[in-house]
Amino acid sequence: MKHRSIIVLVGIAALSLTACTTTAGDGGSPTGGATGGGRSGDNTNVALVLGTSGSPFYEAMACGAKAEAEKLGLTLEVSAAAQFAADAQVPVVNAVTASKPAVAAVVPTDAQALQAPLESLVQTGAKLITVDQTLADPSIVDSAIVTDNVEGGKMAAQEINTLIGGQGKVLVVTQPPGSTAQDQRVEGFETELATYPGIEYLGPQYASNDPQKVSQIITATLSAHPDLAAVFATNDQGAIGAITGLQQANKTGEVKLVAYDAATAEVDGLKNGAIQALIAQNPNEEGVVAMQTAKALIDGEEVEKDIVTDLVVVRAGENDKADKYEYKANC
Amino acid sequence: MRLTDESPKAVVPEAAEQSLSERWRERLGGGWILLLLVVLLAVFTILRPAQFATPFNLSTLATDAAILLVVAIGQAFVIMTAGIDLSVGSVLVFSSVTSALTMLALSGESTATYGQTDASWGVIAIGLVVAVVSGLAWGLINGLLVSRTRIPALIVTLGTMGMALGAAQVITNGQDVRGIPALLVTWVGSGQLAGIPVLILVAVVVAVVAAVALNKTRFGTWTLATGSNEEAARRSGVKVRAQLLKVYALSGALAGLAGMMAIARFSTTTIGGHTQDNLATISAVVLGGTSLFGGVGTILGTVIGVFIPVILLNGFIILGIPPFWQTIAMGAVLVVAVYIDQMKRKKKTLS
Numbered sequence: 198m199k200h201r202s203i204i205v206l207v208g209i210a211a212l213s214l215t216a217c218t219t220t221a222g223d224g225g226s227p228t229g230g231a232t233g234g235g236r237s238g239d240n241t242n243v244a245l246v247l248g249t250s251g252s253p254f255y256e257a258m259a260c261g262a263k264a265e266a267e268k269l270g271l272t273l274e275v276s277a278a279a280q281f282a283a284d285a286q287v288p289v290v291n292a293v294t295a296s297k298p299a300v301a302a303v304v305p306t307d308a309q310a311l312q313a314p315l316e317s318l319v320q321t322g323a324k325l326i327t328v329d330q331t332l333a334d335p336s337i338v339d340s341a342i343v344t345d346n347v348e349g350g351k352m353a354a355q356e357i358n359t360l361i362g363g364q365g366k367v368l369v370v371t372q373p374p375g376s377t378a379q380d381q382r383v384e385g386f387e388t389e390l391a392t393y394p395g396i397e398y399l400g401p402q403y404a405s406n407d408p409q410k411v412s413q414i415i416t417a418t419l420s421a422h423p424d425l426a427a428v429f430a431t432n433d434q435g436a437i438g439a440i441t442g443l444q445q446a447n448k449t450g451e452v453k454l455v456a457y458d459a460a461t462a463e464v465d466g467l468k469n470g471a472i473q474a475l476i477a478q479n480p481n482e483e484g485v486v487a488m489q490t491a492k493a494l495i496d497g498e499e500v501e502k503d504i505v506t507d508l509v510v511v512r513a514g515e516n517d518k519a520d521k522y523e524y525k526a527n528c
Numbered sequence: 288m289r290l291t292d293e294s295p296k297a298v299v300p301e302a303a304e305q306s307l308s309e310r311w312r313e314r315l316g317g318g319w320i321l322l323l324l325v326v327l328l329a330v331f332t333i334l335r336p337a338q339f340a341t342p343f344n345l346s347t348l349a350t351d352a353a354i355l356l357v358v359a360i361g362q363a364f365v366i367m368t369a370g371i372d373l374s375v376g377s378v379l380v381f382s383s384v385t386s387a388l389t390m391l392a393l394s395g396e397s398t399a400t401y402g403q404t405d406a407s408w409g410v411i412a413i414g415l416v417v418a419v420v421s422g423l424a425w426g427l428i429n430g431l432l433v434s435r436t437r438i439p440a441l442i443v444t445l446g447t448m449g450m451a452l453g454a455a456q457v458i459t460n461g462q463d464v465r466g467i468p469a470l471l472v473t474w475v476g477s478g479q480l481a482g483i484p485v486l487i488l489v490a491v492v493v494a495v496v497a498a499v500a501l502n503k504t505r506f507g508t509w510t511l512a513t514g515s516n517e518e519a520a521r522r523s524g525v526k527v528r529a530q531l532l533k534v535y536a537l538s539g540a541l542a543g544l545a546g547m548m549a550i551a552r553f554s555t556t557t558i559g560g561h562t563q564d565n566l567a568t569i570s571a572v573v574l575g576g577t578s579l580f581g582g583v584g585t586i587l588g589t590v591i592g593v594f595i596p597v598i599l600l601n602g603f604i605i606l607g608i609p610p611f612w613q614t615i616a617m618g619a620v621l622v623v624a625v626y627i628d629q630m631k632r633k634k635k636t637l638s
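Line order of the protein sequences matches chains Y and L. Each residue of the first sequence is one higher than the one before, counting from 198 in my numbering. Each residue of the second sequence is one higher than the one before, counting from 288 in my numbering.
Don't read these hints as lab results, they were simulated from the structure. Backbone N, C-alpha and C fix where the C-beta goes; we use that ideal spot for every residue, glycine too. Worth double-checking, as some hints may not be accurate.
As the list claims (entries may be wrong) - Examples of chain Y residues lying across from chain L (beta carbon under 10 Å, computed):
1) Val246
2) Gly251
3) Pro253
4) Ala283
5) Val287
6) Lys297
7) Ala308
8) Ala310
9) Pro314
10) Glu316
11) Val319
12) Gly322
13) Thr331
14) Ile337
15) Ser405
16) Gln409
Required output: the full structure, derived from the provided sequences and hints.
Structural data, given as C-alpha cells:
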C-alpha cells in the first residue's frame, strides 16, 4: 500500500512536470501558428480526415488524394476514426487541428456535431474543404466537394423502372435516417418512383451497415411479397446483404437489384448477374479534386465554393466500365 | 474465476522485508499504468512539441475524454462488484434523446428545428433532470434484474443495451434531435470557467465525488465487499441486493449525465454513435487496475485508463501514423494490462 502511494505521488509529480514544460515550451515559440513543429518554410501540410477507416470508398478517396498530393508537392496526412460516427470523429478532428495543417479536407460524419470542432480548426488559420458530406452552416468552408445524392437516387429509380418494365413491387434497404447522403438517395429515389404509376413502393427498411440484417430483411420481405420485383440498396453493405438474401431465396436475377456505390463485391455481383445496375461515385476523383483545391488554397488562388463530382450508371455487361469505377484501395 | 480462494484486499499484510525484484513487481503492478501515461505524454511532447503539447491540444484532449470518463466511473463501480454494464452507450443515447426532446418541447419550437434554440437555463435544468432520471431508470432496471433474478449481468445489460437504443429510435423515428438550447452549447459544450472547459470541470467533480464515495463511505466499502466475495459480504451484514441495485442505478444515472454532456458538446443527439462506449469504458476501467472479478479498483486508475486511448489516438494522428495502428496498439495495451492484473492477483493469493 505504502509503495503504491509513493509511486502515485512520483507519477503525479512527473505529470505536473510534463505539464509545466509543455506550457513553457509553447510560450517560447509564440510564432508557432502557421508553421508546424520541426517543420520550416511554407506550410504545405494537408490533412485528410476520412469518414471512417477500412471502408473501400474512403480508402479509394485516400489513394486518389495521396497520388495527387505527391504530384503537387503537398505533405498529406490521412486520418480516420474507426466508426462512421460524430463522437468517434470529433477527437480525430481535434488532433488534426492541433497538428496545424495549412488545409484540412474533412468528410464530416454529422452536419451539426462537426460544426464546432471545424470552427476551431478554421480559427487556427487552416483552410477547410469538406468532401462527400456537408456541414449545417457551410459559411466556414472554403470549398465543398459533393456528389448529388438526390440525383443518384433518381437515377436508381429510372434504372429500376426500365428493368421491371414499370410494373411491380419495389423495396429500399438503407441506413437508419440521420446520414445525409443516404437520406438524400432515398429522397431522390422516392420522388422519381412516385412518377411511375405501375410501381408499388413497399417503403424503406433500415440496417446499419449490417449485411446479415439486410439479408434477413430481403428474405422476410420475399415471404410477405413473393412477387417482389426490385430492390434498391443505398450502399455497398446493403448490396452485399441483398445479394445474399436473394441467393438464399433463390431469386437472384429474378428480383432486380440496383445498388449505390461500386465496391469490389458489388462489381463482382454485377459481373455474375446478381446486380443489374450500379450507381457509381468516383471517390478516387474526389480525393484528387480535394488535393487540387488544397493546392489552390495554399497558393492563394480563388476556388469554387461548390464542386460537384459526377455519378455514372454501370449496367450489367459493362464490365470494363465497372472495372474503371470500382472502389479500389490500390495504393 | 477462482473467487473462493481470494483473500480480501484489506487483510493482506504488507511483507516486512521484500526482495528488490518483488518491490519492482509491486511498483509495476501499482503505478505502471500511470507510468505508461507519463511516458506517452513525454514521447508525444518530445516528438511534436509545437503541436502535441499546446494548451489547445491538451485541453481538447481532456474534453474528448470528459464524457467517456463520466460513463467509465459508473462502469468502474459496476465492475468492482464483479458485474458489467454493456448498456451505458445506449442509455447515454436514450437519455440525450429524452432530454433534448423535452428541452425542445419546452422551448416551444417544432421537432423539425435545425440548429440552436433560445431555451432558458430553467429549461436546461429540467433537461438535465430528465437526462439523469432517464439514465437512472435504465440503471434501476439493470440493477433489479441483476440483483433479483439469476440472469447474469452480461445478459441483462446486453438486453437493455438493445432496448434503450431501440426506444431512443422509436421516440425519434431514428432522426437525431437537432434543436439544442444555444445557452447549453455555448456555456457548457464549448464554454470555459477560469480557462478550463466546463465539460472537464463536470468530469473532475464526478471523479472526485466518486473517489470520496469509494474510499470514505460505507457505499464504497460495501461495493468492494460485494465484488470481493458476495456470500462473505452478505454474512457480514452487507445488504448485497440493495448495493447491487444502487451501483447499477449509479452507472445508469452517470450515463444519463453523460448524455446531457454529449448534447451540449455535439449540439445534436448522436443516435448513430456511442456504439463502442461500453467496450471503451470497460477497457478503461480494466486498464486502470480494476479487476474484472470484482473487489479491487480505484477511481484514479479509471481516470488514467480513460486518458490512455484518447492520448494514443491524438498522438498517433499528430504523428501521422495510419489509423489502423491505433486500434492495434490499444488492443495490445489492454491485453498487457490484464496480464499484469493477473500477475498481481497471483502474487496476492500466494502471500
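Verification of the supplied hints:
1. Val246: 9 Å, holds
2. Gly251: 7 Å, holds
3. Pro253: Interface hint status for Pro253(Y): violated (14 Å vs cutoff 10 Å).
4. Ala283: 5 Å, holds
5. Val287: This interface hint holds because 7 Å falls under the 10 Å limit.
6. Lys297: Check passed: Cβ of Lys297(Y) comes within 6 Å of chain L, closer than 10 Å.
7. Ala308: Result: holds, 8 Å to nearest chain L Cβ.
8. Ala310: Hint on Ala310(Y): holds, closest Cβ of chain L at ~4 Å, below 10 Å.
9. Pro314: Given a least distance of 8 Å, the restraint on Pro314(Y) holds.
10. Glu316: 9 Å, holds
11. Val319: Because about 13 Å separates Val319(Y) from the closest Cβ in chain L, which is outside the 10 Å limit, the hint is violated.
12. Gly322: Given a least distance of 13 Å, the restraint on Gly322(Y) is violated.
13. Thr331: The hint is violated - Thr331(Y) has no Cβ within 10 Å of chain L, the shortest such distance being about 13 Å.
14. Ile337: With a minimum Cβ separation of about 14 Å from chain L (threshold 10 Å), the hint on Ile337(Y) is violated.
15. Ser405: 7 Å, holds
16. Gln409: This interface hint is violated because 15 Å lies over the 10 Å limit.
This entry does not satisfy hints 3, 11, 12, 13, 14, 16, going by the numbered hints stated previously.
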